[in-house]
Structure formats: structure tokens, C-alpha cells
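Chains as they are written, first to last, in my numbering: chain A, 16 to 322; chain B, 16 to 322; chain C, 16 to 322; chain D, 16 to 322.
There could be a bad hint or two in this list.
[Said to hold, decoys possible] The following residues of chain C were derived to be distant from chain D, with all beta-carbon distances above 10 Å: (1) A45; (2) K96; (3) E117.
[Claimed, not checked] To list a few chain D residues with every Cβ distance to chain C over 10 Å, as calculated: (4) D24; (5) S191; (6) R315.
[Unchecked claim] Computed Cβ-Cβ distance ranges for the label pairs, DEER-style: (7) B/E196 x A/A21: 56 to 64 Å; (8) D/D147 x C/E177: 19 to 27 Å; (9) D/S17 x A/D147: 54 to 62 Å; (10) C/D41 x D/Q72: 57 to 65 Å; (11) C/T95 x D/D200: 31 to 39 Å.
Since the hints were derived computationally from the structure, they do not count as laboratory data. Computed from a predicted model, the values in this text were never measured in an experiment. Glycine included, C-beta positions come from ideal geometry on N, C-alpha and C.
Each chain is listed here by its residues.
There are 4 protein chains.
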Amino acid sequence: MSLLKAQLDSSCQSIQHEIGVGKVADYIPALAQVPSDKFAAAIITVTGETASFGAAQEALSIQSISKLFTLASTLNLRGTKLWDRVGREPSGNAFNSIVQLEMECGVPRNPFINAGALVVTDAMLGDQSTQDCTANLLAFVRDLAQDNSIVIDEDVAQSEREAAFRNASLGYFMKSFNNIERPLDDVLDVYCQQCAISMNCEQLARSALFLANNGTDPLTQNTIVGEERARRLNAMMMLCGHYDASGDFAFRVGLPGKSGVGGGIVVVVPDVAAVAVWSPCLNANGNSHAGTAALEALVRATQWNIL
Amino acid sequence: MSLLKAQLDSSCQSIQHEIGVGKVADYIPALAQVPSDKFAAAIITVTGETASFGAAQEALSIQSISKLFTLASTLNLRGTKLWDRVGREPSGNAFNSIVQLEMECGVPRNPFINAGALVVTDAMLGDQSTQDCTANLLAFVRDLAQDNSIVIDEDVAQSEREAAFRNASLGYFMKSFNNIERPLDDVLDVYCQQCAISMNCEQLARSALFLANNGTDPLTQNTIVGEERARRLNAMMMLCGHYDASGDFAFRVGLPGKSGVGGGIVVVVPDVAAVAVWSPCLNANGNSHAGTAALEALVRATQWNIL
Amino acid sequence: MSLLKAQLDSSCQSIQHEIGVGKVADYIPALAQVPSDKFAAAIITVTGETASFGAAQEALSIQSISKLFTLASTLNLRGTKLWDRVGREPSGNAFNSIVQLEMECGVPRNPFINAGALVVTDAMLGDQSTQDCTANLLAFVRDLAQDNSIVIDEDVAQSEREAAFRNASLGYFMKSFNNIERPLDDVLDVYCQQCAISMNCEQLARSALFLANNGTDPLTQNTIVGEERARRLNAMMMLCGHYDASGDFAFRVGLPGKSGVGGGIVVVVPDVAAVAVWSPCLNANGNSHAGTAALEALVRATQWNIL
Amino acid sequence: MSLLKAQLDSSCQSIQHEIGVGKVADYIPALAQVPSDKFAAAIITVTGETASFGAAQEALSIQSISKLFTLASTLNLRGTKLWDRVGREPSGNAFNSIVQLEMECGVPRNPFINAGALVVTDAMLGDQSTQDCTANLLAFVRDLAQDNSIVIDEDVAQSEREAAFRNASLGYFMKSFNNIERPLDDVLDVYCQQCAISMNCEQLARSALFLANNGTDPLTQNTIVGEERARRLNAMMMLCGHYDASGDFAFRVGLPGKSGVGGGIVVVVPDVAAVAVWSPCLNANGNSHAGTAALEALVRATQWNIL
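Take the sequences, apply the hints, and build the full model.
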């Protein structure tokens, strides 16, 4: 067994008692039904070495982790003028999202809060049909993960769409400030599709590997984004990747990362590796409880914390 | 010429130079096209005496004045449990409507701000189809005005519907707190229809006459609402009837009233009369500039100010 | 027994079971010690007729009712340019006072919220020493009440001063926007003195009588304020006189009034009378529970509700 | 010339045209008088190698950089129970500090916004006299910098004290929530003293060196804080160190750092070095314009960006 695998195993084993602590997201049935004892982790290094633990080949709903992919894709499609429509600073906290939108005239603080992600999705759409846009995003993610089997879970997408009242409110609010160009229904359609992408931990880790290598996939040598953009994405994840617990994550894990309410977290170890974890029970801030604990143990074992 | 007509004429003539000061509402074309020099006023007393000035038989878009009618009708339909879903206190000012909604968990401050009016409309809808609901409201207004010729301007309604981003945001926000029961599209449909009711000043004054007589139409002796409810409606108009200039209106006119961005204002002189004025140019707070001036002159002439 | 006395007695007797409902203000010991079963009411008409009930000659701490006197006095001293520094519109509610101050650059919404009253006190101070300012205000109140025995309760003033953290925060906030001219300690000193004025219900009713008579004391014929200013003060009380329950008071009592956390309320019946009530137990909004009930009964008996 | 010195020189020279761009802080005279063309930079590595450029031995007013020292010292004095009184998450932005305080009941978001720093100072004070507390903090900073010549600029401290209206407002606001224990004047006295510490860039870099070495001064082997606490401080600087431009700094410089309105910035390169820069002209977010540019050039030359 490789050192990497040994480190991953011992880290994961050390936090097994944390699995099941917290609460599975229940705002849509498709998420609420996920067994609370699921756990998985996967690592891939810039040299191509891999290690997995638990249900690392079982698909999870990536939810807000998709915000990372849509941001990368949209920056590639539309360039830095996207930043005229969405900020790049931490947002404080959940509650004030709409207060802030009001004070800042419909420009959300960053692309990782829902309001910001809706703007990014609107920009990604451009002139495309919602079908083409979704298909192109899926293709982008499949390319990142080098895996064409990745799909969108249509049940999840449909459920999200029906529960999207708060996002509709945010979207129409921004539309009243002319910061949403397409009909909001189109934006919400694509947004709910992207949240419903299903990936397993191995795919997730693989898809973020380019960010550990200055924007270039180290295994295919494909340049996904330029160096500067890779740093931008890492900075964004470092400061805003975990809802209102980004400060806590930075202290405990000390790596750029993005979490989703499906219980997945993907993190980037600059110059070294990408890691994905999954455990559906969330802490009060909406981040995977056991997943965060596993990452904390792993960075202690590997000394990967960059702070 | 009666004293009443003389007082109305001299009051209106004294403020003719104010006509055209301010700005016609331009958020929808149908309102923007109204000539800025329109002016009208009409009085009807509890004894049935009437007096008119200017274009008092020309229809205007009543806009937010409709909030008074939907509130009266909905209280009759649903009773005081409506107050569980909407408050009865002044709201401070425009800007914080959504801040307040967030802090107060989706319960708007009063029925005369847009968020509150959406809740009232949702409650008015109940199980009715949007068509039935709109038809019933129109019948209620025709009955108040004793005039079956009153109609809804479908062009205005359609334009409102297309521009309703901010209201959609407020509505979905409240829906995320379960304070909107029907699909929001239904609520917005009825809301935009009610705003688009067309009435002239004589009809408007007539329709509010019951509020000058403790809830009973003094000419037909029909009880529209009970005494207590009439007082409630008058109190609401006194404190919240003029957007963020209710304090200014109370000082200058000193009567319960409700204004709309179409430039109409209806006021109640308790035990005496109802008055309507119209002039489309609005002051910075969205109330008719010349209309307010005319009312101020009229109450000075008639000593109707109750404060 | 006069009709007035009979109406007052029966109104007060009908609500005796409400006395003791609610909670005595306890943020300072001097207020917390007031027996919860105190009750008093007093009426004085513009013709000089009087009627009292209960402990109408026992002093209470007028607290926020003083805001009415300082506003009247300061408008007389400094004129309408005061309105550049404080608004005249309802404020929504308690919680957002400082939010609003921030959004509106240090200009409070009206003179009856604490922030606004601090600005008024600062303006009243002008170049005076705090001692002179306080003495002049006391003289103004004594003149209104035609009673030189009125005093400031120094124990209450001292307690207020020690507990004034929130007011200090509001004051320094406005000072950072240059909307407080004097050192804040001076402003707080005078503010706490004015809140600590002790008056009984008969004095309170007498002191507000000029507002029932267009600004002129009907018994001395002294003009206290002009007609327009009297209407301004009445409008302000109507819309903002009862913290976040002004809408409720307008519905139930339908008269301009001002309440204080000492349990006193003074109301104006335009062209008719002034009334004061006192009962120290407060409802959730900080207004006297039994006092409001007594006023509601009284206006029902007398038909004094103006709405 | 060492490689380090060469890298520093070329980085600094490449941004000389940025010096003077922006605006010197002018809220107190002592800061406003600093010549706008000042520039300095200093590096010290964990092995003790040093390099300086420009006015690196000239003292600047460290201002908010002091928040780093008071936080480290207070955590040592009072332990992690400090976190009950102040959060550890980004705050969004300047404008909402008092909004957030209101919504979160007087608990500031993090120790690097002014409200949070006031709580830290209050906790640091404990039972000490203000003189002892200030003296102890100065001793702590001298020890960090291994330099007993560091002093507090009393003129600056006095000026700060006189201009501290906004901080007084924040402080009294928190005091009304019982989150400030000492009289606010004491807290403001110490706070203004700590902001007025004068240090040059060489001293500043030296004082932060322990944070590049897991909490232990690599040259003296003194443990200043434990490993975990060092990581906490670095995480806090990474996420909240630069007012409302922390996201921008993370992208451009990619290192934990803390800036002050005196134009100083100190950054930590984990396991490698500490760096200080100084140039008094600030960008719109209050951070040194040329200083940030110099750091950006330096991390490009040295590959020290950790993201």
C-alpha cells in the first residue's frame, strides 16, 4: 500500500465516529433520501497517483460544487468582464444576501453565493438555448474529469426547480437592477440542472486537478484556464468556498475548497493534488461534518495545510 | 354655485401653477403617455352633494389606490385572520422593504406597501380562479362607486405584468417563508389587474364615501364594512397611505388618504365627504404633486383638516 | 357630576381589570419600583372644564413624552431648519433604527425615535450650557402646564445617564456623520434630564392643551406655537407617537398622542380637549396597557376618535 | 548581493510608478502629513536572512496592523473563550458592520473589523489599568520584534482618540449587548494607543516572523503561540486581513497579511519568511496601493504565492 493510501485510510478511519453527526439536507426529497452513513474520499496527485476510501465510486449530487465549474467555464466563455456583474469578496453571511444586494444595487458579492451563481449562469447562457448551455457545461465537466459517464440527475433538477422560491426572489431582485439578462425561468432551469450534476469522489477530485497545477491538467497537459485564472479560482474558494464557515474551514483545513449541500467537498492542494470527500450529514453551516473532519485529519497527516 | 363648488374651484385655481411640476411615472409606456397637464378633482358629501373640477370624468389608472379596495374586500372575505400574514404599522421607507421582510420572516409591515398588497391579493384569491377573483373585485369596486361602467385597462395590466420584476422578487421571497399560498404567477396576474383599474375622479370619490360614514354608504344605506373596520381602513390610510411621505401628507392635508403612481389620490373627510384628485406629475415620493397641493388648499378653505 | 366626569369615570371603571396587565419598565431601578397597580386619568377641555380619575395628582416619570416638549421648544428656538437634521416620517420599527441611520447618513427618521430626539436636544442646546438648557426647557414645560411645581427627578436622570449605552451609540453614530454638534456627553446629560421630568396627569393634560387649540393656550390666550406648527406636532404624534404601535393606537384611539415608558400617555382631541392617562404596566411595544385601554373606552364614550 | 535582495530590489523598482497613486489617510492630521512618496519594504526569512529597500528603517503608524498583535496577545492572555465574544468569519464589507452587529446581537464578525478589535481590546484589558495594558502590549510587540526602541506616538494616539466617534458608536452598541465589560473610555484609550504604535518595516517583518514558523520565533526559538493558534492567525489574515479587499489581495498576493491605513502591510510566507511594505497612499479600500503592487511583484518573482 502506498504512503498516500495509508495516509488517506488512517485519516478516514480516525473520524468514522463523526459520520452521521449533523443533518442530511432535506429541502428536496431526492437529497433527504440519501443514507446518512455514506462516506467516501478520493485523492489524485499532479503526478497521477490516486487513492480512494469508502464509496468513492458512488455518485453524489454535487450541488454548490457546480458553482466552481460554471465559474471556470463562464470566465473562459465571457472573460473578465463578468466581474462587472459580480464581486470577488467574501459576503459576510447568509442572512444578509438580499440586504447586500439591495445596498449594492443588484451586484452580488461573489460567484459562490446563490445570487452570484445566478449571475454567472445568466452570463454563461448568453445566446444559447438552455439545453445547449446545460449540455456544454456537462461536456466541460466531463472533460475536466476525463469521464463521459457523468450525468445530470433529472429528478434532483426537477425537485430543485420546484423549491427554488428563494433563488427566484434573488433572481428577480437582480433582474429589477438589470443584472439578469435572460428570462429568469431560463436561468433557474440551467441553475437547477447544474446543481443536479451527479459525480463520485474520484471524478470530483479528478475534475479539480487542473487547479492544483496552475490551470493545466497535469495528466493530459490540456490548459483548462490560465495561471492567473487558476489563482483567482483558488483564492475565491479559499475565501468564500464554504458558505458562512469559510473562516473555520481555512483554519481547520487551510486549503482552497468548495462544498455542496449534497455533502461533497472538493479541495485543491496547490502543486500537489486534488481531494474530494463525501458524507451527507451537514453541520449548522451546511458543510459536510464528517467530510470536513476527514480533510482536517488528512492535512494533519500530510502537512498539506498551506497556512 | 354652491359653497362647496366655490371652495373646490378656488382651491384648484389657486394651485394651477403646480400642474406639470414633477414627473409622470414612466416605468410602463401606458402611464408614461398620459399628458402631464391633466388635472381633476371631485367631491361627494355624505349628504350626496357633489362638486367637480377639471377632467373629473376622465379615467385614470388607479394603481396603488386599488390596495384600499382589495384590503376592504379581502377583510370582508377572509376576516381579521388576514392580520396574521400582514402587519398594520408604518414601514419606514421604500428602500428597506426587503430588509424588513427578511428580518420579520416574510411578514410585510402593512397592506399598502407592495409586499403587503401581494399578501392581501393572495388571501383574496383563496380558491378562486384568477378570472373570478378579478371579476369579483371589479364588481366590488363598481358597487362602491355605484357605476357598472368601470373597467380594467388590459394594456396597462399587461405592461405591469411584464415589468413586475421587483414585485416578483418580493413575492417569491415571501413564498419562501410560506406567506404566499397560490402560485406567484396567479398572484401577480390579479395584482396587475387590480392596479390597472380605470376610474375617474367622480367614481373614485364616490367609491370611498362609505369610509366617511363609518362603513355604510350614506346614499344607498348599504353597509360595506362595519364601523370598526372602517376606522381600521382610515387609520391605515392616515399612517401609511402615501408611501414614504405619509408624514408630510398628514401635516399638509391631515386626512386619511391613498395615492397611486397614476397621479390619483383619494381622501376621506370623516363624517363629511370623500374627495378625489388627479394630476399625473409625481413628486419624489411618488405622490401627485399638484393633487396634493389642491387637497392642501381645499382643507384650508374648508377647515377639513382633522389634526 | 358633569357629563365629562361621568364619561371619564365609566370609561376608566370599565377597564380596571386591565390594570397590572403587562410589565413595568425595569431598565432603571427608579422606574422598576413604581407599583404596577397605579392608574390615573385627567381631561381638560379648551373651555377649561376638567375631570380626573384615580391618582391624577401623583407624579409619574414622563420619559418619551418629553420628546413632544423638546420638539415644540426647539422648533420655537431654531425654526424649521431643524428639519434638515431630522426627518418627519414614520420609522418602521425599533430594530432598524441604526440600520436606517446608516443608510440615511446619520439623519434619523423623526424626532420621536431616540436618535431623532438626540438631534433635537443637540439643536435645543445650541450655545447654552447644559444647565441653562435644562432650566429653560423646564420653564417651558411649567409654562405650558401653568404650574411652577414641576421638577426633574434627579435620581431618574442619573439612572438614565448610567444606562444610556444604546443612546450613546446612536449619538456617536450621528456625530460621525456630523449630525451632533455638541460633545455627546452634553447632549446625553440634557436628554436624560428631560426624560426625568416628573408630572402628574393633570399637569400633562394641561401642558398639551395648546395643541387642541391650534397652538394657542385657550385659557391664557398665549400663543405657544403657530397654527401650522401645532398641526405639524399633531401629525407627528398621530403617525409616530407610540413607538412601533402607532398604527394600532391610531386604530384603537384615533387621536394624536405621545406615550412614554413611565406608563404615561398624553393625547390631543383637536378643538376639544387634551387627555392624559397613566398606568405603568406596558404592552410589548412599550406603551401603557391599561392607559391605552382607558383611552379607547373614553373615545368610544365621547365619540372623540377623529378617524 | 543575495538573490533575496535582488528579487526585492527588482520587484520594488518595477512598481515605483505606482507610488503616489491613491490617497493618504486624512482623518487625523498626524497621518495626513506623511509625505505621499514614502516607500519601503523589508524581508526576513526563517533562517534569518534579511533584505530591505527604501525607507525600511523609518517609522510608520501601524494602525490596524496592531489588531494582529492584540489578537495574538489576547488569545495568549484569555484563551479561546475570546471566541464567544467575537466571530472568525469574513464580514462582507464595511458598510454593514453595524447592521451585522444589530442582527447578531452585538457579536462582531471577526477581530479585524473595528468592532471586533474593540472586543479584543476589552478582553485584553481584563482587570488591568489602561496604562499597564498598553505597556504590556508594547512589551509584547517589542519582544516579537526583538527591539526595545519601539514606541507609541502619543500625538497620533491623541488625535485618534478625538476622532473616534464611529468607534465609540460601535463600542456603546456592543456595550448595550453586554459585550464590552470595561467602561468604553478605557477601551477606546487602549485601542487608540495600540493603533498609534510606530514601527519601521524591518521591525514589522521581524515581529511577524513567528507566524511563518508555526508560532515559534525561528531565531530565538521562543514559542510565541502554539501551532494551532498560528494557523488560526494566518487563516484570519488570509480571509479578513484587508478590509473589503481581502479577496482581491488573496488573488493578487496569495498570502496571509494585515494592512493598516498608515499604508503598512505585513505578510507571512508560511515556512519561508515575513515581509513588510509601506507606502502611505491608499486605494479605495484603504490598503496601500504601491505596497500591494510591490508584494504582487515580489510573490511573482519568488513564487511565494501559496494559492
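Cross-check of the supplied hints:
1. A45: Correct as stated: the minimum Cβ-Cβ distance to chain D is 19 Å, above 10 Å.
2. K96: The assertion about C/K96 holds, with a minimum of 23 Å to chain D.
3. E117: 6 Å, violated
4. D24: 43 Å, holds
5. S191: 4 Å, violated
6. R315: 39 Å, holds
7. B/E196 x A/A21: 56 to 64 Å: 57 Å, holds
8. D/D147 x C/E177: 19 to 27 Å: With a Cβ separation near 26 Å, D/D147 and C/E177 satisfy 19 to 27 Å, so the hint holds.
9. D/S17 x A/D147: 54 to 62 Å: Given a distance of about 56 Å, which is inside 54 to 62 Å, the answer is holds.
10. C/D41 x D/Q72: 57 to 65 Å: 59 Å, holds
11. C/T95 x D/D200: 31 to 39 Å: Holds - the Cβ-Cβ distance for C/T95 and D/D200, about 37 Å, lies within 31 to 39 Å.
In summary, the structure is inconsistent with hints 3, 5 from the numbered list given earlier, while agreeing with the others.
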